[in-house]
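Please put together the full structure from these sequences, using the hints given.
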Amino acid sequence: MQSGKDNTMTVDATAPPDVSPVIQVRDVWKIFGDRSAEALEAIRKENLSKAEVLDRFEAVVGVREVSFDVHESEIFCIMGLSGSGKSTLVRHINRLIEPTHGEIKVGGVDVGGLNAKELRLLRADRIGMVFQNMALLPHRTVRDNIGFALELRNVDAFTRMQLSDKVIETVSLQGYGDRMPAELSGGMQQRVGLARALAADPEILLMDEPFSALDPLIRRGLQDEFLELSAVMGKTTLFITHDLDEAIRMGSRIAIMKDGVIVQIGTPEDIVTSPADDYVADFVQGISRLKLVFAHTVMQDPEQYSQQGHSLEGTETWPEASPEADLDSLISMAVNREQPVAIREDGKLVGVVTKDALLRGIQGE
Amino acid sequence: MSTSSESTTQETESLAEVAAAQKEAQASGAADREVNRAFATFAEQNEEYYSRTFLKIQQSKLPFLHFNKAALVGSFVWAALRGNWLLFWIGFATDMMAAANLGLVYRFSVAKAAAIEADKSFLIERFSNWTMLHLLAAVLLFVIGRLLIGWLADRFYYRQYSAWRINPKVNSGVSKSRWMVAALIVVLVAPLTLYRSTQEAPEARACIKVARAMQDGKPVDFKSRFDCLTISEVPTVVWLKRPPQFSFPRAEDGTRTMVVKESTAKRPVNLNVWLSEVIDQRIDYAKAFYGYIFDGITKWLRTLLNAIEAVFVGTPWLVTAGLFLLIAFHFAGPRVAIFTAATLIYLGIFGFWQTAMSTVSIVIASTIICVVVGLPLGVWVGKSRRGSAIVTPILDVMQTIPSFVYLLPAVAFFSIGKPPGILATVIFSMPPMVRLTALGIKQVPESTKEAALAFGASPRQLLTRVELPLATPSIMAGVNQVVMMSLSMAVIAAIIGAGGLGFIVVDALGQSQVGRGMLAGIAIALIAMVIDRIVQRANRSGS
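Protein sequences appear in the order of chains A and B. Residues in the first sequence are numbered consecutively from 1, following the numbering used here. Residues in the second sequence are numbered consecutively from 366, following the numbering used here.
Since the hints were derived computationally from the structure, they do not count as laboratory data. Beta carbons: idealized from backbone N, C-alpha and C, even for Gly. Watch out, some of these pointers could steer you wrong.
Said to hold, decoys possible - DSSO-like cross-link-like pairs, simulated, lysine-lysine; straight-line CA separation at most 27 Å:
hint	chain 1	residue 1	chain 2	residue 2
1	A	105	B	814
2	B	748	A	117
3	A	235	A	45
4	B	807	A	117
Unchecked claim - Part of the chain B face toward chain A, derived, beta carbon under 7 Å:
hint	residue
5	496
6	571
7	820
8	821
9	822
Below is the structure:
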C-alpha cells in the first residue's frame with residue numbers, strides 16, 4: 001500500500017506543469033429546477049444563498065462555480081458530506097448530468113459539445129465508472145457484467161471473454177466468472193464493479209463512493225488493493241468519498257466540497273496542516289498526522305536551535321532523516337535516544353527535529 | 366438528619382417507597398380527575414354516567430352486555446343529540462325498515478281483503494302468509510335495531526370522544542340544532558318512504574300513458590299523477606323528436622350512397638330511445654363507408670386463428686395430447702404433467718376434444734395479439750410520462766367495464782363469429798399485459814440504468830440489454846394473466862358465436878340441460894388450471 005501511495009505521490013509531484021490536465025472543469029454550475037437559468041443569473045448578480053434560491057426559484061443549487069484540473073495518473077479525491085454535490089459533480093464528467101453553466105474537457109475535448117454518438121463512445125472507451133451501490137446487472141454472470149461495456153461497443157463474444165477474464169484476474173476474482181452477482185459478498189461485488197470499469201481499459205476512472213457501502217475491514221483491503229492497481233495501471237482517477245480518512249489514504253490531491261462549492265484543493269498534507277477555513281479545520285481535527293506531516297514542516301532551523309543554547313556538536317552521531325521523512329519514521333528514530341534528529345539534504349544539515357517539535361507536530365499546533 | 370441516616374437503610378427505603386407510592390397515587394388521582402373532567406366536558410349532560418362508562422372502557426372493564434338505556438329508547442334521536450351521525454343513520458335505517466315492513470303488512474292485508482272479496486283462495490293464503498312474515502320482520506328489525514344501537518352507543522361514543530381529544534371540532538356535548546337537522550331528515554325521508562311501502566307502484570308504461578294523457582290535456586286524477594311523480598320510475602323530463610332515419614343503398618356502380626328520411630313518427634321519444642337510434646345510425650354509417658377496414662381486420666384475425674387451429678384442431682389428437690404432456694413435463698415437472706394427463710383424458714372421454722382445442726386456439730390467438738400489442742404499449746407507458754398519462758386512464762376504464770360489455774363493440778363492427786370473439790377477448794385481456802410490462806420497466810432501479818448509460822449504452826441497448834431483461838418476471842406475470850383472462854373471455858365470447866366449450870355452456874343454459882353444461886364447465890375449469898400451473902411453474906423455473 002505504501003509503495004502505491006508513494007508512487008502516485010511522486011507522479012503528481014513530478015508532473016510537469018505544462019502537460020495539459022486530463023480532466024479540466026471550468027466554472028461549472030448545476031442548478032436543479034425548471035427556472036435554473038434565471039436562478040443562475042440571480043445568484044451571480046446577488047450572491048444568493050442556497051436557501052434563498054430554493055425560496056425564490058424553487059431551484060436547488062447542486063454545484064456552484066466549481067473549477068479544478070485532474071492530471072494524468074493522479075488520484076483526485078472529492079470529499080464532502082452527503083448533499084454537498086460531489087456525486088452530482090462527478091456525473092458531469094461523463095455528462096450523465098448536464099451542467100447549467102460551465103465547461104468540462106476530457107483529454108482536451110469539450111464534453112458538452114459532443115453529439116449523442118460521440119458521447120456514447122467517450123463513455124464506452126475512455127471513462128470507466130464505479131458506483132456506490134455497485135449497480136451490477138442481476139441477470140448476468142460476473143463475466144458478462146464485466147464485459148458489459150465491451151458488449152455495448154459490439155466487441156465479439158470471444159474477445160470479450162478474453163478481456164473479461166484478464167480483468168477478473170486483475171481484481172483477484174479468479175473462479176467467480178460464471179457466478180451470478182447475488183451469490184457474491186458486497187466486497188466481491190464491488191470488485192466486479194471495479195473490473196467492469198477497467199474492462200474497456202479506459203484512461204479515466206470515475207469512482208462514486210465505491211467503498212462506502214462496505215464494512216471497514218473489507219473497505220481497507222479494497223483501498224489498498226486499488227492503490228496497488230492504480231500504481232501499476234496509472235489511470236487518472238476521480239474518487240468521490242464522504243470519508244476524510246479515505247480521501248487522505250487514496251488521494252494525491254483532495255478537493256473538499258461543501259454546499260456545492262469547493263472549499264479547498266490541496267495535497268493531504270496541505271489540507272491537514274493548513275485548512276482553508278473552520279469547516280475544513282473541523283474535519284481535519286481527528287485525523288492522524290503521522291503519515292501526513294513531514295520533517296520539513298516540524299524541523300527547526302539549525303541556527304535557531306543553537307541560539308536557544310543547544311550545542312550543534314557531534315551532529316554526525318545523531319539519527320539522520322531527509323526532509324521528506326514523515327512523523328512516523330521520525331518517531332521511530334527518536335525513541336531511546338537522547339539526541340534530536342538531524343535533517344539532512346544532500347549531506348547538508350538543514351534542520352533539527354527535537355522531541356518537543358515531534359510532539360507538537362503530532363498535536364498539530 | 367445524621368441520626369436518620371444512621372437508622373437502618375431498609376427502613377428508610379421502605380419509607381421512601383411508601384412516600385413514592387403516595388405521591389404516585391396522588392398524581393394518578395390528579396390524572397384521574399383530569400381525565401374525568403375531559404369526559405365531563407365532552408359529554409356535557411349526564412356526565413357522571415359517561416365518565417363512569419368511558420373509564421370502564423379505558424380499563425377494559427365494560428361488560429359485554431352493556432347497553433346505553435337512553436340510546437336503547439331514543440335510538441337515532443339520541444344519536445342526533447349527541448352528534449354521532451353514523452349511529453343516527455344506523456338507527457334511523459333500522460327503524461325505517463321496520464316501519465316499511467309495517468307498511469307492507471298494511472298493503473298485503475288490503476290485498477287480502479280484495480282477494481277475499483274476489484274469492485281467490487290461493488291469493489288469500491299467499492297474502493295472509495306475507496302479512497305474517499312482514500309483521501314478524503317488522504318486530505324483529507325494530508327489536509334488533511334498538512338492541513344494536515343500545516349496544517353500540519357507548520362504544521361508538523367513546524370513539525367519538527377519542528376523535529374529539531385529537532380534534533376539538535368533532536361534535537361533543539348535546540345540541541338542539543343537531544336535533545333540528547335530524548328532524549328535517551326524518552320529515553324529508555320518512556313519509557314518502559312509508560307511503561311507498563303501502564302502495565302498489567304504477568308501472569313505467571302506465572306512467573307514460575299518464576304523461577301522454579296530460580300532454581293531450583285529458584283529465585288525470587291526482588293520485589295517479591302523484592304516484593307517477595314520486596314512487597314509479599324517475600319521470601321522463603326530456604322528450605325529443607325521433608331522429609331522421611338513414612339508409613345506405615348501393616348505387617349501380619356498387620358504391621354506397623346515403624339517404625336521409627325524416628322520421629314520420631308523431632310522438633316524441635325519451636333520451637334513451639333517441640340516443641340508441643343515433644348510435645345505431647353512426648355505426649351503420651361507419652360500416653357502410655369504412656367496411657373495408659373491419660373486413661380487413663376480420664380477415665387477418667381469421668387467418669391467424671386458422672393457422673393456430675390447423676395446429677391444435679387439425680392435428681390428430683394423439684399428437685397434440687403428446688405435445689401437451691411433453692410441454693407440461695418439460696416446463697413444470699412430473700406432477701403438473703400427471704394433472705395435465707388427467708385433464709386430457711377427461712376431455713377425451715367426454716368428447717370435448719375438438720371443442721376444447723377450438724377454445725385453446727382462440728386463447729392462444731388472443732394471447733399472441735395481446736403480447737404483440739401490449740408489450741410495446743407497456744414499454745411506452747413505463748418509459749414516457751405522456752404515455753402513462755394517456756394509456757393509464759383508458760386501462761382503468763377498461764378494467765372496470767364488465768366483460769359482457771366488450772361484446773357490444775365487437776358485434777357492432779364485426780358482426781358475430783370467431784374474429785369478433787377474438788377481438789373482444791383481446792380487448793378484455795390486454796390491460797394486465799400493459800400494466801405489468803410498464804410496472805416491470807418502472808421497477809428497474811435508476812442506478813442500474815445510470816450505470817448502463819455511464820458505460821455508453823444507447824437508448825435501444827438500454828431497453829434490450831437492461832430494462833427488458835430486468836422486467837422479464839413482471840412481463841411473464843402479465844402473460845400469465847393474459848392467458849387466464851383470455852380463457853374466461855373466450856368462454857363468454859361464445860354468446861357471439863366464438864364457439865368452443867363456452868358454446869356448449871351457453872347452449873345448455875338455453876335448453877336447461879344442466880348436466881351437459883356442468884361437464885363442459887368442468888372441462889373449462891380443468892383447462893384453466895392446467896394452463897395456470899404450466900405458465901406459473903415455467904415462470905418460476907425461468908427466473
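Right, here's what the structure says about each hint:
1. A:105 to B:814: holds (24 Å)
2. B:748 to A:117: Holds, because 21 Å separates the two Cα atoms, which is no more than 27 Å.
3. A:235 to A:45: violated (40 Å)
4. B:807 to A:117: The hint holds at about 25 Å.
5. 496: Violated - the Cβ of residue 496 (chain B) stays beyond 7 Å from chain A, reaching only about 72 Å at its closest.
6. 571: Constraint on residue 571 (chain B) not satisfied, violated at 64 Å.
7. 820: Constraint on residue 820 (chain B) satisfied, holds at 4 Å.
8. 821: holds (3 Å)
9. 822: Hint holds; residue 822 (chain B) Cβ to chain A Cβ min 5 Å, cut 7 Å.
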